[in-house]
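Q: Using the sequences and the hints, build the whole thing.
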Amino acid sequence: MDCKIVTISGDGIGPEIVREACKVLDKVAQVYGHSFHYKEVLMGGCSIDAYGVPLTDEALNTARESDAVLLGAVGGDVGNSRWYDVAPNLRPEAGLLAIRKGLNLFANIRPAYLYKELSGACPLKKEIIGDGFDMVIMRELTGGLYFGERHTEEADGVLQATDTLTYNENEIRRIAIKAFDIAMKRRKHVISVDKANVLDSSRLWRKVVEEVAKDYPEVKLEHMLVDNCAMQLVMNPGRFDVVLTENMFGDILSDEASMITGSIGMLSSASLNESRFGMYEPSHGSAPDIAGKDLANPIATILSAAMMLRYSFDLDREAEAIERAVQKVLTEGYRTPDIMSEGCTRVGTVRMGDLIAERI
1 MDCKIVTISG
11 DGIGPEIVRE
21 ACKVLDKVAQ
31 VYGHSFHYKE
41 VLMGGCSIDA
51 YGVPLTDEAL
61 NTARESDAVL
71 LGAVGGDVGN
81 SRWYDVAPNL
91 RPEAGLLAIR
101 KGLNLFANIR
111 PAYLYKELSG
121 ACPLKKEIIG
131 DGFDMVIMRE
141 LTGGLYFGER
151 HTEEADGVLQ
161 ATDTLTYNEN
171 EIRRIAIKAF
181 DIAMKRRKHV
191 ISVDKANVLD
201 SSRLWRKVVE
211 EVAKDYPEVK
221 LEHMLVDNCA
231 MQLVMNPGRF
241 DVVLTENMFG
251 DILSDEASMI
261 TGSIGMLSSA
271 SLNESRFGMY
281 EPSHGSAPDI
291 AGKDLANPIA
301 TILSAAMMLR
311 YSFDLDREAE
321 AIERAVQKVL
331 TEGYRTPDIM
341 SEGCTRVGTV
351 RMGDLIAERI
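The numbering used here puts the first residue of the sequence shown at 1, with every later residue one more than the last.
No lab work stands behind these hints: they were computed from the structure.
All the given hints hold, so there is nothing to weed out.
EDC-like cross-link-like pairs, simulated, lysine to aspartate or glutamate; straight-line CA separation at most 16 Å:
(1) K220 <-> D181
(2) K195 <-> E222
(3) K101 <-> E274
(4) K188 <-> E210
(5) K39 <-> E65
(6) K23 <-> E40
A: Here is the structure:
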């Protein structure tokens, strides 16, 4: 298979972790007889430095013409006045919102899986962890508060800010269908998270999700209020299979889920549109404090590349080969600094990439 992949290394540790993911992909191509062709474009702070905007129209069009996008990380230290003393739409993270909207990437898939080898790094008690957990958070990515109308005005001498949360039934239905489709390949359990006791948008969310559920009689549907979900994630994470929720709730809950795995450096993600096209990125940020020091954990980006093979290219066998290689390296005791524990062998970014590629 010939695949055109746009790489967006971005800022901070982004170039380092994308390089290691491409190294692993190249080994997959060699072993399984594929060709992966990469084209790099700028987004985030590096694009601001080069072009004055976080994402150019040319970069967006290049991404549209590819088969998939592999992203590192964007942004930097918020104290960096060069990137942040500007209007919000000109800051590095605005590039992320723009590319998601421009590519219609409405479905964010973020797995949260506890590797047995990393259970000691999980902040939860052993009796709570039990046999571990394996969940997927399905977050609607292009609607809700983050994309609603907003304004700040002065009324009677008092500043007042307004953000608008809007969803229509079509936006809800398409993300619900994605969630139920994924649940059919897992343990057939969807927990839909909302705030239906307060919000009209959540009451519509619940109504549409229940309509979609009728087409998936094998899947158990459960509704959960978002505050309860936040508690249950740290009280009983093993109860979750597929968590379906809107944009802001998903943003918060997926970060919470990432931390109970022991390190956000282990977590991959995919953002999909209605076709097989997707953008794949680690769940962590750009970590400018460790950039260029060979300290970054590339595993989340490497696992994101595995998701790309599975969801955009339908290469399940190759995706599993990457996942097995990651598991083997961890079992053998190799660790980057963020997941280091006593008795293990500490390695840097480049060496971790080498070790995983060697085991493909």
